[in-house]
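Read top to bottom, the protein sequences are chains A and B.
With the numbering used here as the guide, the letters of the first sequence map in order to residues 98 to 540.
With the numbering used here as the guide, the letters of the second sequence map in order to residues 98 to 540.
Please note that the accuracy of each hint is not assured.
Identical copies look the same in the list; a pair holds intra-copy or inter-copy alike.
To be verified - Simulated crosslink set (SDA-like; lysine to any residue; CA at most 25 Å straight-line): (1) Lys-497 to Phe-412; (2) Lys-269 to Gln-434; (3) Lys-272 to Pro-313; (4) Lys-497 to Pro-339; (5) Lys-114 to Phe-412; (6) Lys-497 to Gln-271; (7) Lys-272 to Arg-109; (8) Lys-269 to Asp-400; (9) Lys-456 to Val-148; (10) Lys-497 to Arg-128.
Calculated directly from the structure, the hints in this document are not laboratory data.
2 protein chains.
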Amino acid sequence: MNAAKEILALNRFDATKASGFDAGLAERIARREATFGASSVLFYEQPIEMVRGEGVFLFDDAGRRYLDVYNNVPSVGHCHPHVVQAISRQAATLNIHTRYLNRTVEAYAGRLLGNFPAPLANLVMTCTGSESNDLALRIAERVTGARGFIVTRAAYHGNTAAVTDISPSSFKAQKLASHVRAVPAPDCNGAPGGDIAALFAAQVSAAIEDLRTSGPGFAGLIVDSIFSSDGIFADPAGFLQPAAAVVRAAGGLFIADEVQPGFGRTGAGLWGFARHGIVPDIVTMGKPMGNGFPMGGVVTRPDYLASFCQDTGYFNTFGGNPVAAAAGLAVLDVIEQEGLIQNAATVGSALKDGLIALKPAFQRIGDVRGAGLFIGLDFIDPQSGAPDTAFASHVINAMKQRGILIGAAGLYGHTLKIRPPLCFSMENAEFFLDTLRGILDAA
Amino acid sequence: MNAAKEILALNRFDATKASGFDAGLAERIARREATFGASSVLFYEQPIEMVRGEGVFLFDDAGRRYLDVYNNVPSVGHCHPHVVQAISRQAATLNIHTRYLNRTVEAYAGRLLGNFPAPLANLVMTCTGSESNDLALRIAERVTGARGFIVTRAAYHGNTAAVTDISPSSFKAQKLASHVRAVPAPDCNGAPGGDIAALFAAQVSAAIEDLRTSGPGFAGLIVDSIFSSDGIFADPAGFLQPAAAVVRAAGGLFIADEVQPGFGRTGAGLWGFARHGIVPDIVTMGKPMGNGFPMGGVVTRPDYLASFCQDTGYFNTFGGNPVAAAAGLAVLDVIEQEGLIQNAATVGSALKDGLIALKPAFQRIGDVRGAGLFIGLDFIDPQSGAPDTAFASHVINAMKQRGILIGAAGLYGHTLKIRPPLCFSMENAEFFLDTLRGILDAA
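The shape of chain A in the complex, shown without the other chains (with noise of 0.2 Å):
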C-alpha cells in the first residue's frame, strides 16, 4: 500500500463498515455520497457536521467543541474577525480582476512583495496553491529549456495535471511520470553521521543526473520546506542549502512551495526557505494567505516571469480581485498585531519540549520534529521501532472522541501531524497534552 492509501484510510470514512448511525445521519451521508460521489472523502468512523468555527475551534451539530490541531488554513484562527470584515467590506464595494488600478491590490502586491529578498520582486495572483505550483512549474521550464522535476517521496504539491504529476502522495494506481524523480525526504535518522544536509543534497544530485542522461533534462527542485506530507522533516534548520546550491550548479530552479511553511508557521518569519537561509527561484503560495479565502500567488525574478510571458499569456479571472488582495491585507495584519510568529516559536517550542518529555513514559513515541506549530510525532512498534500506522489511526480517533482533531502524514502515515492555527495558546498545548498522555495512559 502506498502513502496516499495508507494516510486516507487512516480516518478516512468508509460506508461499507457505517453502523449503528442514526436516520438522520445515514440519510446525510447518503446525500453527500450520492453528490459528491466517487471524490467524496469525509473524515472518521463517524463523520462529522460542522456549524461553527472560532479562533482554534470548530463546533458540531450538537455544539460540541473542538481543538482544531489539524487544519493550516484558517492559520490566524477560524473566522478571525478582522479578516472577515476585510472580506465583507470589499465583497460590498468591488469585486473585479486585475486589468483596472486598485489600491488595495496595489497595497497587498508591495506590502507582500516587502517581505521577499531580492531578486524576487514579481507577484503572479492565482486562487490555490495548485495553480501557483503549476504556474511555477512552467516558468521552470520556460527557464531553463528542461521539463524535469525532483520532489520528496510523498510530496503533496496540488491537483492539477501537472502538479499531480509531482505529487506522489496523491498516486493510487498512477505510477512517477518519466520526467519526474522522487528522493527521499530529508529525514536525520537515515543519514550517515547524521548529516542530512550532505545527504539529501547527494541524492538530488543523483536525480539531476538521472534527469540529464535519460532525457527530460533538469528544471528544478520543488519541495515545501518543513515537508509536511512526507512527515515533517525541519531540522537542521539550513539544511537544504547544499541541495539548493547543487540545483542551481545544474542550471535548475529551487522552487519554495510555502504552501505548508509560509505566512509564520515555522515560527521563525513569515517563510520557510528565510529559516534554511536560501533565497529560491520561485516561490508559491496558498492555503492560509487568506485565512480561508481561495487565493495564491507565485514570486519570482522579474526576467523569469519576462521570460515565460514571451511565449505565452497568463490571465487569472479571480486571482488578485480586491476581496483577495483585502483578505491577504488582513491576514499581514493578524500576523503582526497577535505575534503570531513569536507565538508559533513560543507555544510550537513548549509543546514540542511536552512531547519529548512524554517519550521516557511511553515508548510508543519516536521521534519527534517541528519546527513553530508544525509537529511531526512518529508512533513506533516499542519493540521493533517499525511504524505505527495502525496506533496512529487509534489515537486521531481517540482525539476525536475527546475533542481534538488531527491528521497523520509521512510515507507511512505513522507520524501524528501537529498543525494548528497560530493562535494556538500555552492552554490549547496543555490540553493537547494532557489528552494524548490520557490516550497513551489507556492503551
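Take the given structure of chain A and dock chain B to it, following the hints.
Then chain B, alone, in the frame of chain A:
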C-alpha cells in the same frame, strides 16, 4: 499576428506609448508594473482606477460611472447585496474544507445538480474554471484511455499547463501541442448552404481521424457553446448535435465548458448546452458561479468520476467550502428571484435587434450574432468586407470615453464582445445603442 496578440493589442495599455499622464497616475502605473512585472495587463491607453461597483455600473476614482458591458463574472450585478450578505454571514460563521459534513455545502450541491439532466449526477467543486477544465481533461483521458483533444481555433479554456495547451487564444510563441487539434469556429458564413451543423461535425470528424492515426487517440471535444473567444457563434440553436454524435460514435467525450454561457447568459435556461439540445459527458463551470467569489465546478457521470478516482486522489482545499456554497446558493436565488434568464432573453433580443437595425446606415457593421446577453458584432471594411480590427479598437476606446466598458473577441479581434451583467436593463441597452450610433456617426 495571432489571435492572442491581436486581441490584447486592441485595448491593452502600452507603457512605451504612454504620455501626458498626471504624476499620480504615472506613479501608480509604474508601481503596478514593478510588482506584477511582465504579467501585468491593464486595459486602455490610459488605465482606469476602479473604486466601486454596483449592478451594471463601475465607478472610477474620480467618481465617473461606467456601464460594464465587458464583464460576465459579476453576472447578477456587481456587489449584489444578496450575494455579499451570504458571503459575509458564512465567512463569519464557518469556512472549511469538505471533509466534514456541512448543510450549506450539501444544499448547494443538491440544488445545482437538480438543474442538470441525467446521467450528470456528481459534482466536484473547484476554485476556478481553469481547475475545472484541468480536471475534466483528466477524467476524459482516464475514461477513454486516449490523450487527444479537439478545440476551436481561438478557444480559451483557462490557465493551467494542461488547459493552456487547449487554449490557442493564449498562445504567443507557443505552438499547438501534438495531442491537440484546432478546428475552425462554427461560422455559418463559411458553411456550404449555411449548414454549419454538418460542416462543424465534418471538421470534428476529420480532426478525430487525424488524432487517431497520429498517435494520441481521441479523448474528447471541448467547446463553450457560445464560442466566446472565437467571436460568438450561437445559431442556429442545435447545430452542435451532429458534432456531439460524431464525438460519441468515436468513443470520445463531449465536454461543455459553461464558464461563458452558463448560469443564464444565453437567455435559454441555465446552460448553453441545453440550448443546443445536447447532454454533455462532462460540464465545467467557473466565472459567474459565485458572482466573483472564486469557485468552479465539474459535473459528470458517477461512473466516469469513479473511474478517475481509482487512479488518483483528488482533493481541492478551498473547493466546496461553505462560503463558496453560500455564494453559489445566493447566485441561484438572484437568477430565479429577479428573473434574470428571462431578462437576458428579452433585453438581449431587443439589443440584438437594435444592432441589426443599425446595419443599413453603417456599412462598417458586419455580422451580428448571439443569444441572450452575449452578442458579437463584427466590424468590417465597407469595401472589402475584411475584418477591421483597428476600427474595433477605435470603438472600444471611444466607448470608454463615453462611459462604457467593452472588449473584443474572435480570431481577428474585430468582433465587439457584448457581455454585460444579466441585470442589464432596456434603458442600459438603449444607452448602449445610442452610444454606438454616436461613435459610428462621428467616424
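Verification of the supplied hints:
1. With identical chains, the CA atoms of Lys-497 and Phe-412 are at most 25 Å apart between copies only, with a shortest distance of 22 Å across copies and 42 Å within one.
2. Neither within a single protomer nor between protomers do Lys-269 and Gln-434 lie at most 25 Å apart by alpha-carbon distance, with minima of 43 Å and 45 Å respectively.
3. For a Cα distance limit of 25 Å, the shortest separation of Lys-272 from Pro-313 qualifies both inside one copy, at 17 Å, and across copies, at 19 Å.
4. In this assembly of identical chains, the alpha carbons of Lys-497 and Pro-339 never lie at most 25 Å apart, being 41 Å within a copy and 55 Å across copies at closest.
5. Taking identical chains as interchangeable, the C-alpha atoms of Lys-114 and Phe-412 lie at most 25 Å apart only when they sit on different chains, with a minimum of 22 Å there against 46 Å within one chain.
6. Taking the shortest alpha-carbon separations for Lys-497 and Gln-271, neither the intra-copy value of 32 Å nor the inter-copy value of 51 Å comes in at or below 25 Å.
7. Taking the closest pair of Cα atoms, Lys-272 and Arg-109 come within 25 Å of each other only inside a single copy of the chain (23 Å); across copies the shortest separation is 43 Å, beyond that limit.
8. Taking the shortest Cα distances, Lys-269 and Asp-400 sit within 25 Å of each other only across copies (18 Å), while inside one copy they are farther apart (38 Å).
9. Taking the shortest Cα distances, Lys-456 and Val-148 never come within 25 Å of each other, neither inside one copy (36 Å) nor across copies (57 Å).
10. Taking the shortest Cα distances, Lys-497 and Arg-128 sit within 25 Å of each other inside one copy (24 Å), while across copies they are farther apart (49 Å).
Violated hints for the displayed structure, listed by number in ascending order: 2, 4, 6, 9.
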